[in-house]
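Please arrange chains B, C and D on chain A, whose structure you already have, making use of the hints.
What follows is each chain in one-letter form.
Number of protein chains: 4
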Amino acid sequence: MDENKQETAEKIVSEMMLGKDAFSLWMGVELLEVKPGFCKIKCIVREDMLNGFYIAHGGITYSLADSALAFASNAHNNKAVSVETNISHVKKVVAGDILTAECTEKNLSTRFGIYEVEVSNQKDEKVALFKGTVFRTGEKWVH
Amino acid sequence: MDENKQETAEKIVSEMMLGKDAFSLWMGVELLEVKPGFCKIKCIVREDMLNGFYIAHGGITYSLADSALAFASNAHNNKAVSVETNISHVKKVVAGDILTAECTEKNLSTRFGIYEVEVSNQKDEKVALFKGTVFRTGEKWVH
Amino acid sequence: MDENKQETAEKIVSEMMLGKDAFSLWMGVELLEVKPGFCKIKCIVREDMLNGFYIAHGGITYSLADSALAFASNAHNNKAVSVETNISHVKKVVAGDILTAECTEKNLSTRFGIYEVEVSNQKDEKVALFKGTVFRTGEKWVH
Amino acid sequence: MDENKQETAEKIVSEMMLGKDAFSLWMGVELLEVKPGFCKIKCIVREDMLNGFYIAHGGITYSLADSALAFASNAHNNKAVSVETNISHVKKVVAGDILTAECTEKNLSTRFGIYEVEVSNQKDEKVALFKGTVFRTGEKWVH
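Protein chains in written order, with my numbering: chain A, 151 to 293; chain B, 151 to 293; chain C, 151 to 293; chain D, 151 to 293.
Bound-form chain A, shown alone:
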């Protein structure tokens, strides 16, 4: 039975990745949109995600961006693993903030993909800028 690329992307990310991703689920990550090479997800910042400054731990914003990277890159039906990621935290995030991470593909080759993730809050202010490189293993998620 044939499935088109969009259906495959949704199945991989929704069922095979996010549905089994205990930590993303702990964070309350919701999938807003996915297609090959693109992903948009969100989560609401809770008090148990804050650090000693009473702002969101840098790891929360990173984790959201890193999940967006994993979803966007794997949505090509080619298992991809993170090689290098970097993040700049540009605005404080507090409890109650609604964060959206939008991952776009900047370059794709046989072996590597480079992605940008912008994380914004409910006022559409950027809170973090993330760049990530993945290695594409060539292994498929769905045959």
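In short, the hints are calculated from the structure, not lab data. These numbers were taken from a predicted model, which means no experiment stands behind them. Mixed in with the good hints there might be a few duds.
Stated by the list, open to error - Some chain C residues near chain D, calculated using beta-carbon distances under 8 Å: (1) Asp171; (2) Ala172; (3) Ser174; (4) Ile194; (5) Glu197; (6) Gly202; (7) Val233; (8) Asn236; (9) Ile237; (10) Ser238; (11) His239.
Claimed, not checked - Result set (EDC-like, lysine to aspartate or glutamate): computed pairs, CA atoms no more than 20 Å apart in a straight line: (12) D:Lys241 <-> B:Glu255; (13) D:Lys256 <-> B:Glu289; (14) A:Lys241 <-> C:Asp274; (15) A:Lys185 <-> A:Glu268; (16) D:Lys276 <-> B:Glu266; (17) A:Lys276 <-> A:Glu252; (18) A:Lys256 <-> C:Glu180; (19) A:Lys256 <-> C:Glu268; (20) D:Lys256 <-> B:Glu275; (21) C:Lys241 <-> A:Glu266.
Stated by the list, open to error - A few chain D residues that face chain A, going by a derived Cβ cut-off under 10 Å, partial list only: (22) Asn154; (23) Val233; (24) Arg261; (25) Phe262; (26) Ile264; (27) Glu268; (28) Lys281; (29) Thr283; (30) Phe285.
Backbone N, C-alpha and C define an ideal beta-carbon position, used for all residues, glycine too.
Leaving out everything else, chains B, C and D in the frame of chain A:
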């Protein structure tokens, strides 16, 4: 009353930072050693920290490294905030692994500090390599 | 005498920066467009810019991107210095290639600016993706 | 005829890489030491390497570090290409400064190598901190 620099470093990190850092506490972060510009912390990887590949979410290793960066840099009694951080995940981390993050200072100027964090598992194998830059605000934690 | 922001940007970058930048001039860098927070420059790759693989040394592409970063960020008439920069080389560059670097501002705060530079060749293929953070000193170029 | 690993490393870097690397030669790069996974090189900063601030263009320090990365990683006799590199410029470099770049291996797997390069001046002050990831193609330099 005077406290020496080491006592101040321990007070800042143990009481004022880690003790109030809800997310690091959720991760079970334990302080092993701290001094101005240096920090060593650990945590044990649990099933709720895994992603859909059943390995630790990249955000867990990042969060541990990022906490180590915050602790080491703030232990100078000069409030420091992250400007840019990057991480390379080099080995899979599974549930039950004991991760240690060791943060060392590579360069310190009036305004900026650059740090390296190596995250290792219980077999002393490196699992992630992290580099971080902080901006030193000049504000003290303890007067 | 008043000059508007655009004239100031052009004066800073063309006369005060590029005109006195011996290394960018060695590279044959030409200014195509500049405005506060944005810059587009180009250069032609020569044989003395190649490495032992007979492709452009990674430092050439980096240098072009780094110049674009410096020009775009300083065009705000606020002296800015590089804090951290990263680059991914995604396509080989050979002698005769015409490289264009386009720098756009991703975020600007009082103290920091974050920029993206895309370097492309004459076929409009991306050859490198660069992200840079600058510290804004508050010192003006033109009073 | 057999050559040991050290002789192979020296042959690759000295003859096959640096000897044919026009841009590194323009910079006056000298090889001080090489072994598999390690390299130390130097160069003297000239006036034609400066930017409009009359300090070394960021691309000069980057280029030196990038050459050190290429030499150290290829000295394993496994052709390696840069995937991602980042650099923090921490001290001004002026004409006449003697820069030394020392590249050490932080992690090596079948496909990837991660390296750190510290660039120092003649007073043994750090001027730049560089981290780089290479992809190891599996192709040999010398059979």
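Tested hints:
Hint status for aspartate 171 of chain C: holds, given a least beta-carbon distance of 4 Å to chain D, under 8 Å. Because the smallest distance between the Cβ of alanine 172 of chain C and any Cβ of chain D comes to about 5 Å, under 8 Å, the interface hint for this residue holds. A least Cβ separation of about 7 Å between serine 174 of chain C and chain D falls short of the 8 Å threshold, and the interface hint therefore holds. With its C-beta approaching chain D no nearer than about 15 Å, isoleucine 194 of chain C sits outside the 8 Å limit, and its interface hint is violated.
Look at glutamate 197 of chain C: its Cβ gets to within about 6 Å of chain D, closer than 8 Å, so that hint holds up. Given the 8 Å rule on beta carbons, the hint for glycine 202 of chain C holds: about 4 Å separates it from the nearest Cβ of chain D. Taken as an interface hint, valine 233 of chain C checks out: its beta carbon lies about 7 Å from the nearest beta carbon of chain D, inside 8 Å. Contact between asparagine 236 of chain C and chain D, as hinted, is supported at the beta carbon level, the nearest pair being about 4 Å apart and thus within 8 Å.
Satisfaction of the interface hint for isoleucine 237 of chain C is found here, the shortest Cβ-Cβ separation to chain D being roughly 6 Å, below the 8 Å cut-off. Look at serine 238 of chain C: its Cβ gets to within about 5 Å of chain D, closer than 8 Å, so that hint holds up. Restraint check, histidine 239 of chain C versus chain D: the minimum CB separation of about 5 Å is within 8 Å; hint holds. For the hint linking lysine 241 of chain D to glutamate 255 of chain B, the alpha-carbon distance of about 16 Å falls within 20 Å, and the restraint holds.
Taken as a hint, the lysine 256 of chain D and glutamate 289 of chain B pair is broken in the structure, with Cα atoms around 34 Å apart against an allowance of 20 Å. For the hint pairing lysine 241 of chain A with aspartate 274 of chain C, the CA-to-CA distance comes to about 34 Å; that exceeds 20 Å, so the pair is violated. Using a Cα cut-off of 20 Å, the hinted pair lysine 185 of chain A and glutamate 268 of chain A holds, with the two alpha carbons roughly 17 Å apart. With a C-alpha separation of about 15 Å, the suggested pair lysine 276 of chain D and glutamate 266 of chain B falls inside the 20 Å cut-off, and the hint holds.
The hinted pair formed by lysine 276 of chain A and glutamate 252 of chain A meets the criterion: a straight-line CA distance of about 11 Å does not exceed 20 Å. Using a Cα cut-off of 20 Å, the hinted pair lysine 256 of chain A and glutamate 180 of chain C is violated, with the two alpha carbons roughly 25 Å apart. About 9 Å separates the Cα atoms of lysine 256 of chain A and glutamate 268 of chain C, which keeps this hinted pair within 20 Å; it holds. Our distance criterion of 20 Å between C-alpha atoms is met by lysine 256 of chain D and glutamate 275 of chain B, whose separation comes to about 11 Å.
Taking the CA atoms of lysine 241 of chain C and glutamate 266 of chain A, the gap is about 18 Å. The hint holds against a cut of 20 Å. Checking asparagine 154 of chain D against chain A: minimum C-beta separation of about 32 Å lies over 10 Å; hint violated. Interface hint status for valine 233 of chain D: upheld, as the beta-carbon distance to the closest one in chain A is roughly 6 Å, under 10 Å. A least Cβ separation of about 7 Å between arginine 261 of chain D and chain A falls short of the 10 Å threshold, and the interface hint therefore holds.
Because the beta carbon of phenylalanine 262 of chain D sits about 7 Å from the nearest beta carbon in chain A, less than 10 Å, this interface hint is met. Against a cut-off of 10 Å between C-beta atoms, the interface hint on isoleucine 264 of chain D holds, since the closest Cβ of chain A lies about 9 Å away. Hint status for glutamate 268 of chain D relative to chain A: violated, with the closest Cβ pair at about 19 Å, above 10 Å. Interface restraint check for lysine 281 of chain D: the shortest CB-CB distance to chain A comes to about 9 Å, inside 10 Å, so the restraint holds.
Among the interface hints, the one on threonine 283 of chain D holds; its C-beta lies about 5 Å from the nearest C-beta in chain A, closer than the 10 Å criterion. A distance limit of 10 Å between C-beta atoms decides the matter here; for phenylalanine 285 of chain D the minimum to chain A is near 7 Å, and the interface restraint holds.
Violated hints, in rising order: 4, 13, 14, 18, 22 and 27; the structure is consistent with all others.
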